[in-house]
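Engineer: Here the protein sequences come in this chain order: R and V.
When you read off a place in the first sequence, starting at 1, and then add 867, the result is the number in this note's numbering.
When you read off a place in the second sequence, starting at 1, and then add 1313, the result is the number in this note's numbering.
Hints may be right or wrong, so weigh each one.
Claimed, not checked - With a Cα cut of at most 25 angstroms, we get these calculated SDA-like pairs of lysine to any residue: (1) V:1436 - R:1242; (2) V:1738 - R:1016; (3) R:1095 - V:1822; (4) V:1492 - R:1492; (5) V:1484 - R:1249; (6) V:1484 - R:1258; (7) R:1492 - V:1608; (8) R:1184 - R:1212; (9) V:1446 - R:1242; (10) V:1485 - R:1249; (11) V:1446 - V:1773; (12) V:1673 - R:1466; (13) V:1492 - R:1259; (14) V:1477 - R:1257; (15) V:1485 - R:1252; (16) V:1484 - R:1466; (17) R:1492 - R:1473; (18) V:1684 - V:1733; (19) V:1446 - R:1366; (20) V:1601 - R:1455; (21) V:1501 - R:1366; (22) V:1492 - R:1242; (23) R:1095 - V:1454; (24) V:1700 - V:1982; (25) R:1492 - R:1455; (26) R:1008 - V:1935; (27) V:1436 - V:1479; (28) V:1492 - R:1288; (29) V:1822 - V:1585.
What the hints assert, rightly or not - Taking CB as the label site, the calculated pair distances span: (30) R:1254 - V:1478: 25 to 35 angstroms; (31) V:1487 - R:1485: 49 to 59 angstroms; (32) V:1652 - R:1271: 39 to 49 angstroms; (33) R:1362 - V:1929: 55 to 65 angstroms; (34) V:1487 - R:1463: 37 to 47 angstroms; (35) V:1934 - R:1271: 51 to 61 angstroms; (36) V:1929 - R:1234: 27 to 37 angstroms; (37) V:1910 - R:1463: 36 to 46 angstroms.
Stated by the list, open to error - Covered stretches of chain R (in silico footprint by chain V; criterion: 3 or more residues with CB under 8 angstroms from a CB of chain V, positions within the stretch not fixed): (38) 915 to 927; (39) 1462 to 1472.
If you are wondering where the hints come from, they were derived from the structure by calculation, not from laboratory data.
Quick caveat, the model's predicted, so the values are computed rather than measured.
All residues carry an ideal CB built from backbone N, CA and C; glycine is no exception.
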Amino acid sequence: MRSLLLLSITMLLGSALQAQLVFPGEIDAPADYTPTRVEMPGSPLSLQVLFVGGVDMVQTTATYGNEAGQAHAKEWHDFIGFTPDNTDESLGWISVNHETIYRDDRIGDGGGMTVFRVERDEITGLLNVVDQTLEDGREGKFFNVDFANTVGETGMNCGGISSIVDGRIWTAEEWFRSGNASINNTSAGTSNYPVRVGSSTNQGVRDTAEWTIDAPDFPAFDGLTIPKYENFNWMVEIDPRQAKAIRKQYNWGRQGFEGGVVSADNKYIYLGVDATPGFWLRFVADTPGDFTSGVTQVYKHDADEKWITIDNQDATKMLNLTDEAVAVGATMYNRNEWVAIDPATGIIYWTETGRDNPGGRWADEASEGAVYAPHHVARAMEQGVADPGTAEYWDYYGRVLAYDPETEEVYVAIEGGPYFEESPMQADYPEKHLSNPDGLNVMTIDGKQFLVICEDLNGETFGRMPFENTAAGAGAGLGIRHRMCELFLLDLSIDSATVDDLIRLSITPLGAEITGAMPTPDGKSLLVNSQHPSTTNPFPYNHSLTFAIHGFDDLTVSSLLPPDVEDNDTFGIYPNPTLQQVYFNDIQDVALYNNQGQRLRVYRNVNQIDVAHLPAGVYYLRSAKGEIVELVKQ
Amino acid sequence: MVISYAPVGESPAGVFLSFYPMSLLSFFIRLVLFAAGFIPLGYALGVGHLLPSTDQMSSALEKTSLEFHQNLDDFAVTLENYQRAVDELATSSEEIRRLHLETRAQFKEVEFLLEYAEPASVKRYLNGAPLPKTEPSVPEVIVLEPSGLQTLDELVFSDEIDRKEVAQLLKKLREDYRKLHQQMRGLKLQHRHIFEASREEVVRIFTLGVTGFDTPGSGAALPESFVALKSLQQAYLRYAPSVGEKAPTVNRDILEAFQLGRSQLRGGNFDAFDRLRFLREVINPLTKNLPRAQAALEIESAGDFNRMPRPTNLSAPYLFSPDWLSAEYFANLTESTQKESRRQLGELLFFDPILSGNLKQSCANCHHPGKAFTDGLPRSLSSEGTKTVLRNSPTLINSVYAEKYFYDLRETFLERQMAHVVADKHEFATDFLTIEQRLKESPEYVSRFAEAYADQPRYQLSKWSISDALSHYVMSLRGMNSDFDKYARGEREIIAEQVRRGFNLFMGKAACGTCHFAPSFNGLVPPFYAESESEVLGVPATKIWENATVDGDPGRIASGRPRDEAYFHAFAFKTPTVRNASQTAPYMHNGVYDTLEEVMDFYNRGGGAGIGINLAHQTLPPDALELTTEEISDVISFLESLDDFEHLNHQPETLPTFPNHPEWNQRKPGGTH
């Protein structure tokens, strides 16, 4: 009899789970119910807005015939550099990239950077933007970095280099320009189109006259006259203290640069190039710290000497670096983005963000002698296609790569994805998913080294994420998790890390793309940019802005991880009360009710939910089994 | 709370078979014990809280899921047959066309769920518009050539079928579908998916289906819509008994609408099809009642609790409800309790020439409320009064309903739209710094900003708050409540016959509604309403009807957005709304046409292609529409029935004063013309 009952229970359970449970629209809160509360420390992290793009004012130099004055800062914040202050006067200088090509009478056309100096308020722990007077007489809090009057306009300032040695800053001019029309925004390809400088159709760089390079540091370039557009797409060093550009690094070559690092011995610069093919480049200084003379090299994984020198005394070769890299058969990657270095080990990491179907983009270069990175060859084999140059080859998710200067080997630090042949619903979908990593840095938390990874999604076709989390799914109110560009931490001591090892930092505002993650040298804060906010976040979170996440010094590795919850039969939620996440004892369907007993939302197949957006108060959660528990939102 | 009971009907037959060798008494005792055992179990499972129709609902979901996966498999087979036939030289053109229609019909069976689950893949690979696009999220302009069923539709129904190209496209389509199909195998549907996908498809059928949008070659719009509607009906019928128990009227209305829809679509003639009747009798009851049925069954819905704003309001019952589109979503402004004071402040700023460099121009100079917020000029006068700005002044009424702003779609945020006007040397010719400084000299402005932006002490009177206030005003300029709207949603029972004919032409033979999508009648693409389209029409520089020259304005390609730098964006302009068009002459981005008759004439000839402008990438079909004079006049009657602007025709009588600048106090509300 017992076995009979057991059998029927099993069968009934099976069919009950098969059936789609419908949660009643209203419930009665149990009258004599005493909630079980598991108190857990809340997150120590908090936000502070530092700099709002397009709204805060920057101090400008005399530009285009206008006197020095002020202007509203540019927008589209991307990279953040940090230059520590060696005196006790302040914490240091923050440099912020503006990824634009935009006309501005006072700041200068194209993109740009804004710099400001911060100090730590020892009592509140907040950062104060301090008043400064610069050598050129400018006074104020925020300063426009003068490019137009120094090295020529800049543009599409995406990533950059923030030296771990001494805080020197370079900005990367990413989006590759192939003609004057493409900096002037009249690139229809023929000269028939009207150019109305100053009219609303022309937001581009107004001065497209030929550019004569004035760079005594680089004899091969000094005095050379080039089309204006060729003065874009370099790495550009700036002085964050005086808010002016120092030099375009003509000796590192012209590429769609995205990011880079300086090695701990101040001798090597490693550079990421956002293109397919993108090459892994470096510059080796003759004298550490002097990056005006040395050799420029490209990586070739299958050569005996893996770094091949390209003559940087030949201006033509530096202007056409891609051709040179192909000619020497360099290793090709699929859109290299930001580069970061772990000072503890000297290992260099970079994001290879991926591109859906790169085949058509690098097959030609392959036939001319460039070689595919070995992990792409292996992936192509797995997918059953001839090589990564075939049209069918796909690379949806990208990955983080690592380069060990000791062995000169490149390996995959963490693979994006995971990819499923059959797209699972959230029931079977992993909690974490890494798509198209872009921004990257290394941070020390609780004595351990972490990679800070920012996503920038390329797309959502072919079920690469569960449909609840596609734009349409999110629009339908089903979910948002993977549509959002997330900020992850990865413990660098983990060998063969997978996406399961990622730790999500869920403090960032909803719907904002996060970039520029830069820790402050005191380890207390992470500086981030919100780039293209697109929701009705409260002002200023609906703008491009730079903000600080404080409290990392109070953060322990264990407080970053979800509670270790036992999988038992009783419906349990942890922590309670909560600010942000609620974890359940098991993956299940759960409905959220307000204190009136009205159903707010049903979550299917979840073991945690984010309630950060709920007003503080009492709520109820009902499990599929009908158990009701009280949830307190702080 | 409901007391739980044991759902004996759930017991599988296998359990009873095992009783066979027992005595009857033993069987009954055991049965009672067995049933009793269910009581705590049932309680523990919470089955008692469920609705009586849970079994029916579960089986409805299961059957629809099975059918969906079966249909996906069938589509793969149909595609394979289609491709094999095309590869066979002996296959006749007629046979290819027949197979094409069969394939499309098979797609229409799964369209509602596939579009719901994988809209991005369907658009990019299966049934997207037959136009080139650029690859998203890469730092360069890579043109992706069109592929998929719509592209095939054009090719297969052209006079001479290019078999090689058809074969290539089919190969690609099959490969793309193979990947998608594989992914879809893991899809487990939920009740809400069925209902929400169905409602989405109802909107798709009306806006993209019966208008012929995705059947550019075959014209099989009505038969395909029939299949799509039938697939919805089949899915619904399985839930109908459950809905009937809970909400009999809702259920009856839905069943009737499906029945009527099928009979109206069956054997329908594309040109003669009465789309207005179809809207009122079929589409309206479905958009209204499907969410009600869902709610009656206590199935959760996207409308329950919104974390992210959505383009459409799920609570709006009809496509032509004034709040079908959510202005808040498009305006994308910061949430605030001070919305009304922000709007009022914005209205004041809109009419105040204090914003312009020369203190003479206000927004209203080019956007006059008496002219439905246009200015009646081909191109607006520039600030210095002799030259003109680049383009025709568009109406601001309903302008909020857009993904991007300006004719060249250069701006994504309504809030930043103003910055372009401020900086433009031909418009306000100033900068925000000047504007901020000026406004701070008016105690009245300062106090109004302080009130409206009290929650933002650091940015109370700033570039942001000025732009935000103006955006609140522009967002409030809405007119979706015309005589036609009222009739369309059943609030009025009488409409002029020529308006009915005009609407049916607009959405059918005249092919207006395939770019000016309902209900905003601009380029906002249904059913998601999240993307604004631009079109290449070949608008002439001057009003001549033969050997004309294209207007030199490069349009979208020069928007300044690097991603727009693709050849097919040359001469492309945003699709404006036709609402209030009777008030907004002259027309087109350059104001080349003075009357709606002339505009209709232009389209009737096939746009630029019909007047000697041959742009290879014209997106408007180059064929003549062959509309008669009477038909043209019908379409114009319909356009006139969309007028809804009078309630917005007002402006402030006085403006705030500046104690230190008596000369500024002479300025007039609305500026000096």
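Engineer: Can the restraint linking residue 1095 of chain R and residue 1454 of chain V be considered satisfied, given a maximum Cα separation of 25 angstroms?
Structural biologist: holds, 20 angstroms
Engineer: Do the alpha carbons of residue 1484 of chain V and residue 1258 of chain R lie within 25 angstroms of each other, as the hint requires?
Structural biologist: The given pair, whose Cα atoms are some 12 angstroms apart, holds under the 25 angstroms limit.
Engineer: Under the criterion that the straight-line Cα-Cα distance not exceed 25 angstroms, is the pair residue 1446 of chain V, residue 1242 of chain R satisfied?
Structural biologist: violated, 30 angstroms
Engineer: If you look at each residue in the segment 915 to 927 of chain R, do at least three have a Cβ nearer than 8 angstroms to any Cβ of chain V?
Structural biologist: Check passed, 4 qualifying residues.
Engineer: Is 36 to 46 angstroms respected by the C-beta to C-beta distance linking residue 1910 of chain V and residue 1463 of chain R?
Structural biologist: violated, 59 angstroms
Engineer: Is the straight-line distance between the alpha-carbon of residue 1492 of chain R and that of residue 1608 of chain V 25 angstroms or less?
Structural biologist: Roughly 21 angstroms separates the two Cα atoms, so the pair holds.
Engineer: Taking only the CA atoms, is the gap from residue 1484 of chain V to residue 1466 of chain R under or equal to 25 angstroms?
Structural biologist: violated, 48 angstroms
Engineer: Is the straight-line distance between the alpha-carbon of residue 1700 of chain V and that of residue 1982 of chain V 25 angstroms or less?
Structural biologist: Distance of about 23 angstroms is within 25 angstroms: holds.
Engineer: Between residue 1492 of chain V and residue 1242 of chain R, does the CA-CA distance stay at or below 25 angstroms?
Structural biologist: With Cα atoms ~22 angstroms apart, residue 1492 of chain V and residue 1242 of chain R stay inside 25 angstroms; holds.
Engineer: Please work out if residue 1477 of chain V and residue 1257 of chain R have their alpha carbons no farther apart than 25 angstroms.
Structural biologist: holds, 21 angstroms
Engineer: Can you take a look at whether the segment 1462 to 1472 of chain R is actually covered by chain V? Rule is 3+ residues, C-beta closer than 8 angstroms.
Structural biologist: That given contact holds, which follows from 5 residues of the segment 1462 to 1472 of chain R lying within Cβ reach (below 8 angstroms) of chain V.
Engineer: Please verify whether residue 1008 of chain R and residue 1935 of chain V have alpha carbons no more than 25 angstroms apart.
Structural biologist: Between residue 1008 of chain R and residue 1935 of chain V the Cα gap is close to 58 angstroms, so the pair fails against 25 angstroms, i.e. violated.
Checked against the numbered hints above, the structure breaks hints 1, 3, 4, 8, 9, 11, 12, 16, 19, 20, 26, 32, 34 and 37 and satisfies the rest.
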